[in-house]
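Assemble the dimeric complex from its two separately framed chains, guided by the hints.
Protein chains in written order, with this note's numbering: chain U, 1 to 426; chain W, 1 to 172.
Hints in this document: simulated from the structure, not taken from any laboratory.
For every residue, glycine included, the Cβ atom is placed at its ideal position computed from N, Cα and C.
Be a bit skeptical, because a hint or two may be false.
[What the hints assert, rightly or not] Examples of chain W residues toward chain U, derived with CB under 8 Å:
#, residue
1, 17
2, 31
3, 69
[Claimed, not checked] Calculated cross-link-like contacts (lysine-lysine; reagent style DSS-like; alpha-carbon spacing at most 27 Å):
#, chain 1, residue 1, chain 2, residue 2
4, U, 132, U, 388
5, W, 7, U, 388
6, U, 386, U, 199
7, U, 386, W, 7
8, U, 199, U, 132
9, U, 199, U, 214
10, W, 89, U, 388
11, U, 211, U, 199
12, W, 132, W, 7
13, U, 215, U, 386
14, U, 386, W, 89
15, U, 193, U, 132
[To be verified] Per the computed footprint, the stretches of chain U lying under chain W, defined by three or more beta-carbons under 8 Å from a beta-carbon of chain W, are:
#, region
16, 8-22
17, 413-420
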Amino acid sequence: MIIVAITFFGLLLVGMPVGFVLGVAGLVGIFDMGGGRFLMMVPDRMFAGLDLFPFLAMPFFILAGEIMNRSGITTHLVQFADALVGWLRGGMAHSNMLASVMFAGITGAATADAAAFGNTLVPAMVRQGYTKPFACAVTAAGSIIGPTIPPSTLMVIYGSIMGVSIAGLFAAGILPGLLICLICMGVIAVFGKRWNLPKSDQRPNLCFIYKAFKKSFLALVLPVFILGSILGGIATPTEAAAIAVFYALVVGGLVYRQLSWGDLYHMLVRTTRITGIIFLIIASASILGWWMTFNQIPQAIAAGFLALSNDPNVIIAMIIGLLLFIGMFMDINATLIILAPVLAPLTVTIGMDPVHAGIMIILALNISLMTPPVGACLFVLASVTKTKVEAIARALWPFLIAETFILFVIAYWENMTLAIPRLLGL
Amino acid sequence: MGSLADKAIIASRRVNWYVERACVALMVLLVLDVWLGVLARYVLPFQLTFTEELARYLMIWMALLAVSSGISHREHIGVLLIFERFPPKVRKWLAVAFDLIAFMFFAVIFLYGLGMVDRGFSRFTMIEGIPKAWPFMGVPLAAFMACVQLLLVAVHDFMSSDGVTAAERVEV
Numbered sequence: 001m002i003i004v005a006i007t008f009f010g011l012l013l014v015g016m017p018v019g020f021v022l023g024v025a026g027l028v029g030i031f032d033m034g035g036g037r038f039l040m041m042v043p044d045r046m047f048a049g050l051d052l053f054p055f056l057a058m059p060f061f062i063l064a065g066e067i068m069n070r071s072g073i074t075t076h077l078v079q080f081a082d083a084l085v086g087w088l089r090g091g092m093a094h095s096n097m098l099a100s101v102m103f104a105g106i107t108g109a110a111t112a113d114a115a116a117f118g119n120t121l122v123p124a125m126v127r128q129g130y131t132k133p134f135a136c137a138v139t140a141a142g143s144i145i146g147p148t149i150p151p152s153t154l155m156v157i158y159g160s161i162m163g164v165s166i167a168g169l170f171a172a173g174i175l176p177g178l179l180i181c182l183i184c185m186g187v188i189a190v191f192g193k194r195w196n197l198p199k200s201d202q203r204p205n206l207c208f209i210y211k212a213f214k215k216s217f218l219a220l221v222l223p224v225f226i227l228g229s230i231l232g233g234i235a236t237p238t239e240a241a242a243i244a245v246f247y248a249l250v251v252g253g254l255v256y257r258q259l260s261w262g263d264l265y266h267m268l269v270r271t272t273r274i275t276g277i278i279f280l281i282i283a284s285a286s287i288l289g290w291w292m293t294f295n296q297i298p299q300a301i302a303a304g305f306l307a308l309s310n311d312p313n314v315i316i317a318m319i320i321g322l323l324l325f326i327g328m329f330m331d332i333n334a335t336l337i338i339l340a341p342v343l344a345p346l347t348v349t350i351g352m353d354p355v356h357a358g359i360m361i362i363l364a365l366n367i368s369l370m371t372p373p374v375g376a377c378l379f380v381l382a383s384v385t386k387t388k389v390e391a392i393a394r395a396l397w398p399f400l401i402a403e404t405f406i407l408f409v410i411a412y413w414e415n416m417t418l419a420i421p422r423l424l425g426l
Numbered sequence: 001m002g003s004l005a006d007k008a009i010i011a012s013r014r015v016n017w018y019v020e021r022a023c024v025a026l027m028v029l030l031v032l033d034v035w036l037g038v039l040a041r042y043v044l045p046f047q048l049t050f051t052e053e054l055a056r057y058l059m060i061w062m063a064l065l066a067v068s069s070g071i072s073h074r075e076h077i078g079v080l081l082i083f084e085r086f087p088p089k090v091r092k093w094l095a096v097a098f099d100l101i102a103f104m105f106f107a108v109i110f111l112y113g114l115g116m117v118d119r120g121f122s123r124f125t126m127i128e129g130i131p132k133a134w135p136f137m138g139v140p141l142a143a144f145m146a147c148v149q150l151l152l153v154a155v156h157d158f159m160s161s162d163g164v165t166a167a168e169r170v171e172v
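Extracted from the complex, chain W is given alone in its bound form (with noise of 0.2 Å):
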């Protein structure tokens, strides 16, 4: 494995362990905020309105940032039956080119995303009033680091010397 490759693989794995962290994080407070909310409803002898607000904006926050991790392990599926039929030197130049297209596409959701949450300071979400802000900010910091993981993977697939795939590299 060249050194920029290794590096690379290692800043994914690194970034990619604080981004699990949360996501498990999130998917836990998730777990926790939705038994809330049947035990407000069932047993608790008062009502809790803010649980189903929370509750989404968590998975919205949980689900996209896990997209990064996704690409970290490049679990993201596609059809891959011509793309094998490929010879090798084929597949490693599609896969950057698929990088590449997704860094802009991911950008751009960035870019705008910036703007959603600066008009969001504005807008207020309908149970507890609080500013969309806080909910849309999931979406410009989850596309910023699916760019990180996609330059990452990016680098080390292409410059791997042993052809082994950030999918493939389990252990670093």
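Bound-form chain U, shown alone (with noise of 0.2 Å):
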């Protein structure tokens, strides 16, 4: 066991990619078992771990979002956020966190949010007179709203591999992340004066407000469809997802014009690539996973929290605090595929709802992609904009309390997950 974990933390820490160490960790561990013995089980187990059906969800929502952000919706979406909430003091840092809500019902993945608006709306917030530092902490504070609000690839993964519920996710996925949204524009509001935001001479005009809903109702309106066919029974998140495709082609390609063959393809291949490097995590974890299994490391890891307290709410603040901790060091998607089947049975244990749990999780992982050193999302913004991690993280930490706090609040108040499941009947 020892040269395991020697091998995984030693090969993560000086750099190999994720996916490569976590599938030569469970080699090692494989071969230390009983030496070449069971490494037929290898191959067996990184196929096994890729062959559920509800997967193929991801590849769809990564291309729906990619053609979605190539037909120019991403600045529809801003232009309808501005004439909504651009007239308040730091206008242009409550129409991101706005805007982040409207793109998160596309896309699945906060690095894209991130990137997408690192692109548009950080050069726009610093001509506007914002620090180029603060306009990348609040695009990164927002683009964790994207993977909380569904569709969420993280959602999926958690709902194929636990066996819970993915309409229940998506459904319970929704109030945690208005609420991620509020409380930010709380911070923004708050500190708005303090901090010297800027505040724009337009005043809020409701035709201003109808035309860029005009523009921009074609984007609003897939992820009303998607979260609408999903939770009322009518389709499937894969078939959701697909049908997305298909609506994302047809506004970008015929409504917008904004498409061309040869952007077409170069979406494929970004989609392709993307879910290569994320399925590569899953199936490598799988074989890890296995192995951890064979030796009831998850039994082992439950029974020595459970030796800690017997609380409910330490456990509670114990799960939160290993995710948020792992979080900082490890790319989230091999996070959640190795600790959710350690820490979800551990949950049942303490009595919560395993739809409650699963977003309590994935929603201390998104929280983990903008803190240093490994958040994600800190890095496309660093890259994106030319601006320092370290600039970025010291103008992020407002948002960041806010944000763990809500996380807080969500993971001991059940209620506030599971009232629009509930509503729902999921």
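Here is the structure:
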């Protein structure tokens, strides 16, 4: 067991790609168990780890997001958000948050949000007088709304490997996502004067709002359609994702007329490459996961937690602490695949609803997307906007505290998460 | 750029050119297959049973083949906090060590994957009853392509005289 831990942490810390580290550590563990006897299990585990129908939703949501983004839809969403809240102090920061909520319904990945807004909104905010690190911090804080509000690739992975209703997770993610948006807008409003955030001359104008709404209507319909069909039991997440691709193609190609065949090819290449990166992590993690299960490591970790305390509140706090800590150093997909089978049974032991526990775990990992040293959104924004990670991290802390507060609220207040799934009978 | 490094990156990009197109073709087939499944469920007056099974296997083939494409462009993510603090020479050696370790990992997958394919001829899929060897074949094939790309990018990055890595060398 020690040799696997050394292999895993040693290779991970010196910078070997996560997908390879997981596979190599699993391979070492399996070899350590019985020499070459068990190695025939390795490709079997790889295949079985990917052979799940719900995983299909992932490449489709990635592709739909790519198409919508390339269609210039981000600009329309930002204009609509700006029409709604741009007149407040720190208007563009508020618009950034609101646009993140709208964009969240199209894409399921925080890095997509960070890259899209890093390219468009951050330069616009800097032109209006915001500092670059602050503009990046607002974008990073808003980007984690993407994988919290459905569709979310993390929810697809969690639901698939843990056998939890993906529709239930999607429904449960809506309120936490909106809460994150609200609290971040609250932070901007409260500190706006102290930070001397710019105030726009524009006034709220119904005609302007209506015009912006009309332009972004087709983009706003997509999340309603995706969620409506899944939550209404009309389509499975995979089917809804496939239809979302069709819709995005029609809107991007025929309505906005922004797509060429060349663009489509590049988007397909991009989608397959992102899928390959994520799926290697999943496949490799299932090799390591098999070794862990065989050696009853999840049970040992759960027993270790319960030995420290029997109090459900303390255990929830420990789970959140562990996820935030591990998420600081590791890719969130890998963390989810490795830790979910360990932590989910523990949450059942303390009486948590599986959907509630899933949302808590996913939200904790989402927050770790913006914590240094390995916050993926920080790195995307740093590279897109040519800003130092340290500078963004310094501007980010009020948002980080606010979002961690929301995480604890959600963890300890079950009804907040489960209100919508219960309302929909999921 | 040294001539061996030059040849390695050209070969890597050439192999990737084919792999990328294969992945895109599989992705297009996947999209069409799932659309057909949706149509059959809601619109067409008959049922199609093969779409779900085919979709899963197309997805696995596409995603696994795309692993080598990510290697060609060094897009597989890692924790670079400590790595980036090492001097360039150490980084160069470390990167080669990573490639060699990953090569061994994929070589094991390839060798044992062939055995899995062989056993797959006597195992059949649940819905259509086709030999599982066909979907299984994606695993050793992808592992082989990953080995090829790891070798090529390792040679390029190690031999490259201008210090530019495969990840940064977009135009070849």
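How the hints compare with the structure:
Because the closest C-beta pair between residue 17 of chain W and chain U is about 11 Å apart, greater than 8 Å, the hint is violated. For the restraint placing residue 31 of chain W at the interface with chain U, the shortest Cβ-Cβ distance is roughly 6 Å, inside the 8 Å limit, so the hint holds. The criterion of a C-beta within 8 Å of any C-beta in chain U is met by residue 69 of chain W, whose closest approach is roughly 5 Å, and the hint holds. As the CA atoms of residue 132 of chain U and residue 388 of chain U are separated by approximately 10 Å, the hinted pair is consistent with the 27 Å bound.
With a CA separation close to 36 Å, the supplied pair residue 7 of chain W and residue 388 of chain U exceeds the 27 Å bound. Restraint check: the Cα-Cα separation between residue 386 of chain U and residue 199 of chain U comes to about 25 Å, which is no more than 27 Å; the hinted pair holds. Our distance criterion of 27 Å between C-alpha atoms is broken by residue 386 of chain U and residue 7 of chain W, whose separation comes to about 33 Å. For the suggested pair residue 199 of chain U and residue 132 of chain U, the alpha carbons sit about 17 Å apart, so the restraint of at most 27 Å is met.
The hinted pair formed by residue 199 of chain U and residue 214 of chain U meets the criterion: a straight-line CA distance of about 25 Å does not exceed 27 Å. Note on residue 89 of chain W and residue 388 of chain U: the hinted pairing holds, with a Cα-Cα distance of about 24 Å set against a maximum of 27 Å. Between residue 211 of chain U and residue 199 of chain U, the direct Cα distance comes to roughly 22 Å. Compliance with the 27 Å bound is thereby established for this hinted pair. Proximity of residue 132 of chain W to residue 7 of chain W is assessed by CA-CA distance (about 38 Å); at most 27 Å being required, the pair is judged violated.
Distance restraint check for residue 215 of chain U and residue 386 of chain U: the Cα-Cα separation of roughly 31 Å exceeds the 27 Å cut-off, and the hinted pair is therefore not satisfied. For the suggested pair residue 386 of chain U and residue 89 of chain W, the alpha carbons sit about 25 Å apart, so the restraint of at most 27 Å is met. A hinted pair counts as satisfied when its Cα atoms are at most 27 Å apart, and residue 193 of chain U with residue 132 of chain U qualifies at roughly 18 Å. As drawn, the region 8-22 of chain U meets chain W at 11 residues by the rule of a beta-carbon pair under 8 Å; at three or more, the given contact holds.
Residues of the region 413-420 of chain U with a Cβ under 8 Å from some Cβ of chain W number 0, which does not satisfy the need for three, so the listed coverage is violated.
In terms of the numbered hints stated before, the structure departs from hints 1, 5, 7, 12, 13, 17, listed from lowest to highest.
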